[in-house]
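Trainee: Residue numbers (the numbering used here), protein chains in the order written: chain A, 1 to 509; chain B, 1 to 509.
Hints listed in this document are in silico derivations from the structure and should not be mistaken for laboratory results.
Warning: the hint list may mix true and false statements.
Claimed, not checked - No more than 30 Å apart at the CA atoms, straight line, and that leaves these computed lysine-lysine pairs for DSSO-like:
1. 169/A - 247/B
2. 247/B - 254/A
3. 256/B - 375/B
4. 169/B - 403/A
5. 254/A - 254/B
6. 169/A - 169/B
Unchecked claim - Residues from chain A that keep clear of chain B, each with C-beta distances beyond 12 Å, as calculated:
7. 71
8. 154
9. 158
10. 201
11. 203
12. 222
13. 247
14. 355
15. 450
16. 494
Using N, Cα and C, we set each Cβ at its ideal position, and we do this for glycine too.
There are 2 protein chains.
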Amino acid sequence: MLTYSFADTGSDSLYQHLYKCIKNDILTRNLRAGEKLPSKRSFAKNLGISVITVENAYAQLISEGYLYSIPKKGFFVSDISMLPPGAAFAQNSPVDPQPWSNATDWTTIAHLPNTAELAKMNRQPNAAGLADMTQPSGAADRTDASGPLIDLTSNQTDIQNFPFSIWAKLVREILNENRQELVTNPPCGGVLRLRAAIAKHLKDFRGITVAPEQIVMGAGTEYLYSLLIQLLGFDKTYAVEDPGYRKIARIYEKHKVACRHIPLDESGVCVAALEESGADVLHLSPSHHFPTGLVTPISRRYELLGWAARAADRYLIEDDYDSEFRMTGNPIPAMQSIDLSEKVIYINTFTKTLASTVRISYMILPRHLADRFYKELSFYSCTVSNFEQYTLARFIENGSFEKHLNRMRSYYHRKRDLLIERIRQSKLQPRAVIREENAGLHFILELQTRLSDEEFCARALQKGLRIAALSAFYAHSTPETAHRFIVNYSALPEEQIDKAIQILCEISI
Amino acid sequence: MLTYSFADTGSDSLYQHLYKCIKNDILTRNLRAGEKLPSKRSFAKNLGISVITVENAYAQLISEGYLYSIPKKGFFVSDISMLPPGAAFAQNSPVDPQPWSNATDWTTIAHLPNTAELAKMNRQPNAAGLADMTQPSGAADRTDASGPLIDLTSNQTDIQNFPFSIWAKLVREILNENRQELVTNPPCGGVLRLRAAIAKHLKDFRGITVAPEQIVMGAGTEYLYSLLIQLLGFDKTYAVEDPGYRKIARIYEKHKVACRHIPLDESGVCVAALEESGADVLHLSPSHHFPTGLVTPISRRYELLGWAARAADRYLIEDDYDSEFRMTGNPIPAMQSIDLSEKVIYINTFTKTLASTVRISYMILPRHLADRFYKELSFYSCTVSNFEQYTLARFIENGSFEKHLNRMRSYYHRKRDLLIERIRQSKLQPRAVIREENAGLHFILELQTRLSDEEFCARALQKGLRIAALSAFYAHSTPETAHRFIVNYSALPEEQIDKAIQILCEISI
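Given these sequences and hints, build the entire structure.
Mentor: Spelled out as structure tokens, the structure:
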């Protein structure tokens, strides 16, 4: 039987060590596509570790696409054949876009559902698709709801979760000790101390190795998208996920650049459709797709890297917006960390982890793009105020950010569990299916209802509940995408949970 | 003799009251073009006020273009004939672009020189014009200067001038008292409380009446320019001043929109050249042109408003970047405040008045453009962090901003006087002419030297002094623009003044 030594696990937990051993064997082809892995129980016994440890490692590998499971048969190694032996990514090698044949099974352990039917596309225009459900929250008070509005579309953070005391302490320190730095113009990419702190954080917690100079700070990801269009070219064709976070397409549209909507299948962006679209640059959120919650498996990630490598001007913009809040296992490794061809531009934000009103985001540019950025766009001043850059740098450096993330992860975990439990105890239970609840801060609630999505959401709003339908995020939706609603619980106060469920019951019955 | 009552001056000083009385008489045609005003001495005697008061009022009216002076003859009313009686601006009325015939004289009292020869244009391409002298200050440490670099191009603020104590106090208050607001997403235009505070400030100190909703906050004016391109259209033709602040042209260039360089004459942007250029939108800084220091007189302002009024899609972007620091008399009234046709977009920033590293700017949109902004671009999140918006709101509300401005004005005044005095006492004196020293935070130093501007600046940098030549800011410069250097003294420590002058002496002799 497959066996590994646990003599030197370094700082890794047992589960992380096992996860890395198996992953390494898959990447080096010691374990081959289709090969069956030991059952959890016998593997645990053989290695002298607990079943839970094996289960966690398997779950992580499944969620990343290295393994798949067939119920009652066991766990198998996925086909990652476009990845050459030795895990090196073959630059410009012709890649055969090979659909991952066992995709319908890979989610079993991680409780990630089969989303193939969600993503099947037809080309009927969809009126609801034009609506931007992520309205600026300032509009919230303009609804006709009586009583306080319950908002399941908001990305705002709970007041109780912002670390006010430690933040106030750090601001005080900065204003006392760093006066000269505070009034000194930083480089266009931002304060180097902050970028160094972020680089270290990314190395420690996300497996991303990057020079601080490759990091560019900006006042929100929306601003960074505008910079990227200027860097990559107004003449390029940009592609977004369909369904997807509609703001991205709006930004491209407002900049008058060509934008294509690429359908998803059960593994994420369809490479064939992408190839056909003529796109140069693809925006995607492989670690946690919005709104479906899909996690793009490793095989598809390599396919997409292969697509990018086939032409000089192709790039992937990896939006990693809430990877810190994955509920099960480790965060999914970033595409940036497996990109050997300088094709991935990584974007992340502190608006999700700190507060939506703290406008600090960053992007990591591949080295050649960083060079071009400094050459062509360094006349721009950094858009983030020095005061907040230095405060955040200290916050990361002294470990507060890590502590805050851990606290928030438990908080969201608890809230998610409570919400799901209340739904299961409610009258909704027989008519509700919960999907994609493990990645990030929203899940999908499928409800049996005779109402159209538009009518459902309108009635909910009348009763004081703002909720968005999945179908509204498709440029082209289908009947299969109906009756699925996005439950963004990050800003939902616990005391509103019962009322929210009650409203959903009243409408759907 | 002309006479006015000083019985009810309200909160105005005597000089302000007199200024307003004369201006009103010119606007209402009680005083006609070419009419001679009383001499300062006899007018003062007649009105029972001091000669200084009359002198100040005349100087202000001259700098705004309502009066002109002819040395040894006296003071005369300017021809503002394109302005219909009653000061109402005739919308869409055909405007005869009429050069202000006495322009060469209007600057005498205010010690503003005749800049006609500066602005005479030819079309020879100028290599130096491609350089952006306002390099990001991060580049400062990359020069080959030994010892600390003396920087006469920097827009940084002195550390001693930022109001650290009061700012720290306000941040503390905000973090204690406004927690809910701090984590609540503001409208796309920014925190309303801040916009209301700015509106009040503009009314009290700048004569601008505006609804808070017309104000849009952004993380620096550069970002606002990008928003404006999206609002006004990528298909429009934009025009910038030549010479001018080169960053603006760079932003248009990077957004791939058409951009024309419009020559200046002694009153500012040439309306005939503007008309000929086919431009739709003109960027200008009428209160204090960079780099020449020119103040656009009222007659030209109305001509430009007339140009804008002649087509529906034409707009003026009025960049009022350092009007708070005018050294003589009141700030020049903004074009925004005389615009009755909704043609002026007003932009200003706190990066000049607070610190270049505090990224808070704003624009005032005419009502119909504000409506369009909310309709088309409200999906964007405000780029300024709530923490800084609320802190700044308090800073303005409690009078600290006004106090700070007064303190800074005296500080800059003192520094400017000291610098000019030291130049006059130095060996530079016989070969130096100082120009445009009354408006804003830089002046022009004309030096007799046989070196080319490029060589002069290069040698200065070798000796540890960064200085920019006026010619570098022309898209097309002429021999007449040579040997004029921009002295931006806002960031110059007083202890560096003598060393700076010494270097200039060594090079130019």
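Trainee: None of the hints should be skipped; say for each whether it holds.
Mentor: Hints and how they fare:
no. : hint          : in the structure
1   : 169/A - 247/B : 37 Å, violated
2   : 247/B - 254/A : 22 Å, holds
3   : 256/B - 375/B : 24 Å, holds
4   : 169/B - 403/A : 27 Å, holds
5   : 254/A - 254/B : 15 Å, holds
6   : 169/A - 169/B : 12 Å, holds
7   : 71            : 43 Å, holds
8   : 154           : 8 Å, violated
9   : 158           : 8 Å, violated
10  : 201           : 20 Å, holds
11  : 203           : 24 Å, holds
12  : 222           : 6 Å, violated
13  : 247           : 6 Å, violated
14  : 355           : 5 Å, violated
15  : 450           : 32 Å, holds
16  : 494           : 17 Å, holds
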